[in-house]
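Number of protein chains: 2
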Amino acid sequence: MVERLSAEARQAALAELSGWSETAGREAIARTFTFRDFNEAFGFMSRAALVAEKKDHHPEWKNVYKTVEVVLSTHDAGGVTRLDIELARAMNGIARQLGVS
Amino acid sequence: MVERLSAEARQAALAELSGWSETAGREAIARTFTFRDFNEAFGFMSRAALVAEKKDHHPEWKNVYKTVEVVLSTHDAGGVTRLDIELARAMNGIARQLGVS
Chain A
8 MVERLSAEAR QAALAELSGW SETAGREAIA RTFTFRDFNE AFGFMSRAAL
58 VAEKKDHHPE WKNVYKTVEV VLSTHDAGGV TRLDIELARA MNGIARQLGV
108 S
Chain W
8 MVERLSAEAR QAALAELSGW SETAGREAIA RTFTFRDFNE AFGFMSRAAL
58 VAEKKDHHPE WKNVYKTVEV VLSTHDAGGV TRLDIELARA MNGIARQLGV
108 S
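Respectively, the protein sequence lines represent chains A and W.
End of the first sequence sits at 108 in this note's numbering; the numbers just go up one at a time, nothing left out.
End of the second sequence sits at 108 in this note's numbering; the numbers just go up one at a time, nothing left out.
In short, the hints are calculated from the structure, not lab data.
All clues stand as given, with none of them false.
Identical copies go unnamed one by one, so any copy, or any two together, can satisfy a pair.
The calculated lysine to aspartate or glutamate pairs, modelled on EDC-like cross-linking and capped at a C-alpha distance of 20 Å, are:
(1) Lys69 <-> Asp44
(2) Lys69 <-> Glu47
(3) Lys62 <-> Glu93
(4) Lys62 <-> Glu47
Given the sequences, and given the hints that come with them, work out the whole structure.
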């Protein structure tokens with residue numbers, strides 16, 4: 008099983024993850040991405056969904072037109088793990104290719 | 008511009024829309040779809056996204072693993088319009104093909 012990161016490890020990882028922060032009230036990390044339109048927002052989601060499915064590690068996310076709010080945590084571990092950090096990093100990479108950094 | 012439905016027209020439309028109901032606190036309709044897994048949930052979203060984009064009328068939706076919570080309303084009209092009813096009906100059709108009725 009993948010291990011829950013300590014608060015220190017989580018903060019160190021977040022420091023290198025542009026746009027992500029800890030969520031209030033639960034052990035998770037979050038970022039809201041804002042694209043140009045629905046086409047780009049859903050394009051981002053489609054690419055991120057393939058990454059998530061391949062990793063068998065899935066986001067909680069909400070889409071309203073051009074925005075995508077993402078929350079990541081690892082249910083089985085009760086907190087944030089390297090799986091969340093890896094998925095966050097992959098999402099940033101996809102967003103960057105769409106011009107969102 | 009597309010017209011906001013009256014409360015009566017909204018309720019009449021909802022009566023024929025399996026699984027949909029009015030949301031509390033705002034003029035909108037909502038349904039939570041539960042699929043077998045992420046693959047089916049995101050498959051549903053992908054097909055619904057194409058319909059939404061074609062109609063230029065988009066949902067608010069949240070996906071957590073195998074569930075998709077959808078809220079529909081027409082911002083410009085300040086309430087529910089035929090666009091929402093049509094999109095809800097299309098979503099039900101897609102879900103039905105995935106075995107969710």
